[in-house]
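Construct all of the structure, not just a fragment, from the sequences and the given hints.
Chains as they are written, first to last, in my numbering: chain A, 1 to 113; chain B, 1 to 457; chain C, 1 to 227; chain D, 1 to 251.
Treat the hints with care, as some may be off.
Unchecked claim - Straight-line C-alpha distance at most 27 Å; calculated DSS-like pairs for lysine-lysine:
| no. | chain 1 | residue 1 | chain 2 | residue 2 |
| --- | --- | --- | --- | --- |
| 1 | B | Lys456 | B | Lys256 |
| 2 | B | Lys278 | B | Lys147 |
| 3 | B | Lys379 | A | Lys110 |
| 4 | D | Lys237 | C | Lys222 |
| 5 | C | Lys81 | B | Lys147 |
| 6 | B | Lys99 | B | Lys379 |
| 7 | C | Lys3 | A | Lys110 |
What the hints assert, rightly or not - Stretch by stretch, here's where chain D covers chain A in the computed footprint (C-beta under 8 Å, at least three residues):
| no. | stretch |
| --- | --- |
| 8 | 8-20 |
| 9 | 35-48 |
| 10 | 74-87 |
| 11 | 91-97 |
| 12 | 100-113 |
Source of the hints: derived by calculation from the structure; they are not laboratory data. Quick reminder that beta carbons are idealized off the backbone N, C-alpha and C, glycines included.
What follows is the residue order along each chain.
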Amino acid sequence: MELNLFLSITIFGIGIVIMVLKRDLMIKLIGLGIVETAVTLSFVIVSHNGPLPPILTLPIDRVDPLPQAMIITSIVVGFAVLSLSLVFVVYLSSVYHTTDSYKLQKRIKKDEQ
Amino acid sequence: MNSDLFWLNGHNMLLLPILIAVILGTLRLFTKNRWMNWIELLSMAFFTVIVLFFQRPAIFVVGGWSSAIGVEVKYDSISFWFIFSLLIVWSSVKMRFEKWEPSIESMLDYLFASMYALFISNDLFNIYVTIELTSLISFLLVGHGKKPSRVWAALKYMLLSAVALNTYLFGTLIVYYGTGVLALGALKLEKIPEFGLALILTALLVKSGILGLSAWIVDAYSKSETPVSMVLSGIVVNAGIFAIIRIYDILPSNLKTLVLVIGIISTFGGAIYAFGEKNFKRILAFSTTSQMGISLIVLGVSPIAAAIYAFFHSNTKALLFSKNGKISTTIGALSLAGMPPLAGYFAKIAIGESHPMVSILITFVTSVYVANLFGPDLKWKFSPFEIPLEFAILSLMFLIPFGGVMYTTEILATIAIGILVGKRISFPNFGDPFELEEGLAYQMAFLAIAALTVVKW
Amino acid sequence: MKKISLFVTITSVAIVLTVSAFVAIIPHNANHYPLVTELYDGSANIVSAIYLDFRFYDTLFEVLIFSIAITGVSMYANRVKESGKILAANSPLIKFDLLFLGMVIILWGLYTALIGHLQPGGAFSGGAITASGIVVLTMAMGSEKIHKGVERFKLEWIENSILIIIVLYVIFADIPSGFFFPGFSVGKIGDFFSGRGALLLNSTIGFKVFVGGWLIFYEFSKRKESV
Amino acid sequence: MALVETLILAIVALSASILFIKNRMTIILMYAALSTMAVVVFSIYSAPDVALAEASIGLVFTVFLYMVVLQHKGKLWVAFVKVSDSIDELEIELLSSYCESHELELKIVESNLEEAVKMLERGRVEIVAGALVNMKNSLDTRMTDGFLETKILYFGERESSKFLGGFTSFSKASKAFKKGEISGFYVDLFRYLHSALKNHTDLVPEYEERNIFYSFATIDDEPELLRSFNMYLSDIKKEGKLKKIVERHVR
Numbered sequence: 001m002e003l004n005l006f007l008s009i010t011i012f013g014i015g016i017v018i019m020v021l022k023r024d025l026m027i028k029l030i031g032l033g034i035v036e037t038a039v040t041l042s043f044v045i046v047s048h049n050g051p052l053p054p055i056l057t058l059p060i061d062r063v064d065p066l067p068q069a070m071i072i073t074s075i076v077v078g079f080a081v082l083s084l085s086l087v088f089v090v091y092l093s094s095v096y097h098t099t100d101s102y103k104l105q106k107r108i109k110k111d112e113q
Numbered sequence: 001m002n003s004d005l006f007w008l009n010g011h012n013m014l015l016l017p018i019l020i021a022v023i024l025g026t027l028r029l030f031t032k033n034r035w036m037n038w039i040e041l042l043s044m045a046f047f048t049v050i051v052l053f054f055q056r057p058a059i060f061v062v063g064g065w066s067s068a069i070g071v072e073v074k075y076d077s078i079s080f081w082f083i084f085s086l087l088i089v090w091s092s093v094k095m096r097f098e099k100w101e102p103s104i105e106s107m108l109d110y111l112f113a114s115m116y117a118l119f120i121s122n123d124l125f126n127i128y129v130t131i132e133l134t135s136l137i138s139f140l141l142v143g144h145g146k147k148p149s150r151v152w153a154a155l156k157y158m159l160l161s162a163v164a165l166n167t168y169l170f171g172t173l174i175v176y177y178g179t180g181v182l183a184l185g186a187l188k189l190e191k192i193p194e195f196g197l198a199l200i201l202t203a204l205l206v207k208s209g210i211l212g213l214s215a216w217i218v219d220a221y222s223k224s225e226t227p228v229s230m231v232l233s234g235i236v237v238n239a240g241i242f243a244i245i246r247i248y249d250i251l252p253s254n255l256k257t258l259v260l261v262i263g264i265i266s267t268f269g270g271a272i273y274a275f276g277e278k279n280f281k282r283i284l285a286f287s288t289t290s291q292m293g294i295s296l297i298v299l300g301v302s303p304i305a306a307a308i309y310a311f312f313h314s315n316t317k318a319l320l321f322s323k324n325g326k327i328s329t330t331i332g333a334l335s336l337a338g339m340p341p342l343a344g345y346f347a348k349i350a351i352g353e354s355h356p357m358v359s360i361l362i363t364f365v366t367s368v369y370v371a372n373l374f375g376p377d378l379k380w381k382f383s384p385f386e387i388p389l390e391f392a393i394l395s396l397m398f399l400i401p402f403g404g405v406m407y408t409t410e411i412l413a414t415i416a417i418g419i420l421v422g423k424r425i426s427f428p429n430f431g432d433p434f435e436l437e438e439g440l441a442y443q444m445a446f447l448a449i450a451a452l453t454v455v456k457w
Numbered sequence: 001m002k003k004i005s006l007f008v009t010i011t012s013v014a015i016v017l018t019v020s021a022f023v024a025i026i027p028h029n030a031n032h033y034p035l036v037t038e039l040y041d042g043s044a045n046i047v048s049a050i051y052l053d054f055r056f057y058d059t060l061f062e063v064l065i066f067s068i069a070i071t072g073v074s075m076y077a078n079r080v081k082e083s084g085k086i087l088a089a090n091s092p093l094i095k096f097d098l099l100f101l102g103m104v105i106i107l108w109g110l111y112t113a114l115i116g117h118l119q120p121g122g123a124f125s126g127g128a129i130t131a132s133g134i135v136v137l138t139m140a141m142g143s144e145k146i147h148k149g150v151e152r153f154k155l156e157w158i159e160n161s162i163l164i165i166i167v168l169y170v171i172f173a174d175i176p177s178g179f180f181f182p183g184f185s186v187g188k189i190g191d192f193f194s195g196r197g198a199l200l201l202n203s204t205i206g207f208k209v210f211v212g213g214w215l216i217f218y219e220f221s222k223r224k225e226s227v
Numbered sequence: 001m002a003l004v005e006t007l008i009l010a011i012v013a014l015s016a017s018i019l020f021i022k023n024r025m026t027i028i029l030m031y032a033a034l035s036t037m038a039v040v041v042f043s044i045y046s047a048p049d050v051a052l053a054e055a056s057i058g059l060v061f062t063v064f065l066y067m068v069v070l071q072h073k074g075k076l077w078v079a080f081v082k083v084s085d086s087i088d089e090l091e092i093e094l095l096s097s098y099c100e101s102h103e104l105e106l107k108i109v110e111s112n113l114e115e116a117v118k119m120l121e122r123g124r125v126e127i128v129a130g131a132l133v134n135m136k137n138s139l140d141t142r143m144t145d146g147f148l149e150t151k152i153l154y155f156g157e158r159e160s161s162k163f164l165g166g167f168t169s170f171s172k173a174s175k176a177f178k179k180g181e182i183s184g185f186y187v188d189l190f191r192y193l194h195s196a197l198k199n200h201t202d203l204v205p206e207y208e209e210r211n212i213f214y215s216f217a218t219i220d221d222e223p224e225l226l227r228s229f230n231m232y233l234s235d236i237k238k239e240g241k242l243k244k245i246v247e248r249h250v251r
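Shown next as structure tokens:
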């Protein structure tokens, strides 16, 4: 595979490892943001098959506009998911006073008994 | 529809329910009145039934562009079964007339719009957008209520499916990189890079409630409110399986075998987890994983059979999750186990034709955990919202001439033995290794397996 | 258990990376979109032509996603009991500078949103820039004074009713063509009134994104420093 | 284009270095730097729309949200049980000085004894204060070291007697004891003196047990909090500050 695409897949994997390794929920969300950045990067890399931006240019010497339009959609989707999960984290930490996921799971298990 | 009145041709009538649902959902935010529910029910039922009865199988491009630059939508018999089950479950949830705030009601309308749009979608990126919308609505529904543990279940669901959908997007990108098209109809002719298909398949399996891969399913189903569980298990869980059916015939053969294997694992693993459970909703959650595995097995036989199976399963599971009374629970449980006059039996015939032994085995494990559903707290009770679900379960009886009747006595005997075993023997209860980190680990492990199956060194 | 899952994750990510290094893809270099979309859609910026016209079907769901996120944030933030606020800048010079900067950013965002069919930009980035202008204004004036506007103008209602405008545009924009999604007049390329409904959609969706960003920031700034 | 490869490699290095960093603020700033580099890559690869959208939504507004939500000062949640003024003031002063020395913000929730213990078990608070004694079978949570010596007064028979007989206040326990509902109970000195001074109780303790200490109850899944608090107590004991504080409040 092309080098840039391979590097963006590497960033994808690192983001997921951050989501598993780190116990703090905020940092898990940062890892999710890194995953989304990697996807955006790979879309732009694939769309770049010509020198010029897709404004008033011939199809021969411009980039492919379709992946750019798609990734703008998914950037907005990522922002929506981020804000929702952030408000969930705020609510949970206002009840249990921690954002550490292990402690949170323990306290919720105790709370349900 | 061939008769165009004004500009309402087939294309527009196919898209009309989405727009009506969006308008109604937006208007619903401004009013608290209960009669608004009636308006929503009647209008959605009217426009959807028009589509279901008069629409012929067809492929449109939204807005009438050429297929290369527009979004392609496709209506066929698979879409028919899924939209039919969506309409039934959605209207039965609306008929409960819960005391919800307007925002939740409007979200149900948006959910109808997005699921309908998914069920007619024939474009990889459009499938992504609609699945994302569906899952966002379901996060909010899961967290609704007073308990904080619900919010934790919703957050877990959200993080897991966000990772899965980013994986899907990456796979879509790689498919587009190799072929240059997104429409599934045109993809059949191209030579598709299989790595991208492996990524897409992993993401869709995570969304479709397979055991382990979708680690959110147990908490999200067992902790949320009753109508929310009905919505999740009757409507939302169909999203993944529908998308898998759509992409099934462009999958390479080794990925098809992988789907079959994971289906068998999920069928029996989910059943084994359900054996030891005592909690009603947790049994049903594990049974959902098991049934989704069965529908993956059926998918190996024929796509339309899988669609019918999903139809039967969503109605049955919605009826069971309502936990309304003895009648509904008995009908749902027997239909789940595959009692001959009920829907589950005719849905299982598809397997029975090719390999009967598997069908008998599935019936046995299902009836073993179905026996645990009948607790002491069930009452003789009946509510009007059950009617469409029960009618839908009984309605597949008219398939007798097509499906044919086979193995009736064997299946009856198996159900009896299974229920006896479930009543007598008490199985050990395994804990649930389905927390957030484990779920991510399962996803990545399956992704690695799928990548190893498609790679050519 | 957690250690095992971490180990599994790292090994499988490594496996996926090694596999993807061996995957060979022949790039297709697709470029389906016509010259400057003369016949179909008059907008000079083809990305805007795609997500406001050719694939507006996807953008409709995208707008739905955004409004659902706003509803959810305000729904769940009301459950949080703690409260905080952002104080105004204390020195008048900094206050004036921040005010000026915020005004400039808001104007820039409006321009970006409105001109999206001729230049890079468009509804979503323009709306977000305007919302960050509101954030800068909040740093200057303090959160109470700014966020009075949210209650006063009933912003949520306006922001929701924009969806109806969009759906009506979709239904009634191009009746003669016999299809739902394309909009009205194509217009000349580079013209301000070009690109079918680009101006209407950019302004409405941009306003929706702006209000949505403001509402989200408002809900979070009421629960300042709570994580 | 070599510049783009170097930028993407820098993004890889930044995201990998996040794995080894603990501090949240640093991580968020590194994320901001990372997406800034991504924006530069987009604009080099002639994707101006994506660059603008990522810069405005994915970079600026997201970082604004993180900065607003993230707290810069930890909080210590304390469930406080009122017993009598002197011991209450003493405990408040100890907790607040501990918070000052550890840059924490003290949040106090007032409640009665059993609710406080329930909140502690459910993880709603991290410390319970309110004249709790660190002797066995008093509370089944982790107790810190003692900060003030007291006595335990036994009423009725000593075996099978519980702390306040399982009641929340001394008066209830004594009423129940007079009615004969409980065979016996024990209470710490301050609760006894408080109610004895208020309403002249005629109960006299049969037996008293010495070298018992007042202490705080901490939540059981945070051992580091317990350790730091014990270290703090031993430090101020060594300095002699503890003696001063105690003498200021308790005669």
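Checked hints:
| no. | hint | result |
| --- | --- | --- |
| 1 | B:Lys456 x B:Lys256 | 17 Å, holds |
| 2 | B:Lys278 x B:Lys147 | 21 Å, holds |
| 3 | B:Lys379 x A:Lys110 | 31 Å, violated |
| 4 | D:Lys237 x C:Lys222 | 42 Å, violated |
| 5 | C:Lys81 x B:Lys147 | 15 Å, holds |
| 6 | B:Lys99 x B:Lys379 | 23 Å, holds |
| 7 | C:Lys3 x A:Lys110 | 23 Å, holds |
| 8 | 8-20 | holds (count 7) |
| 9 | 35-48 | holds (count 9) |
| 10 | 74-87 | holds (count 7) |
| 11 | 91-97 | holds (count 3) |
| 12 | 100-113 | holds (count 5) |
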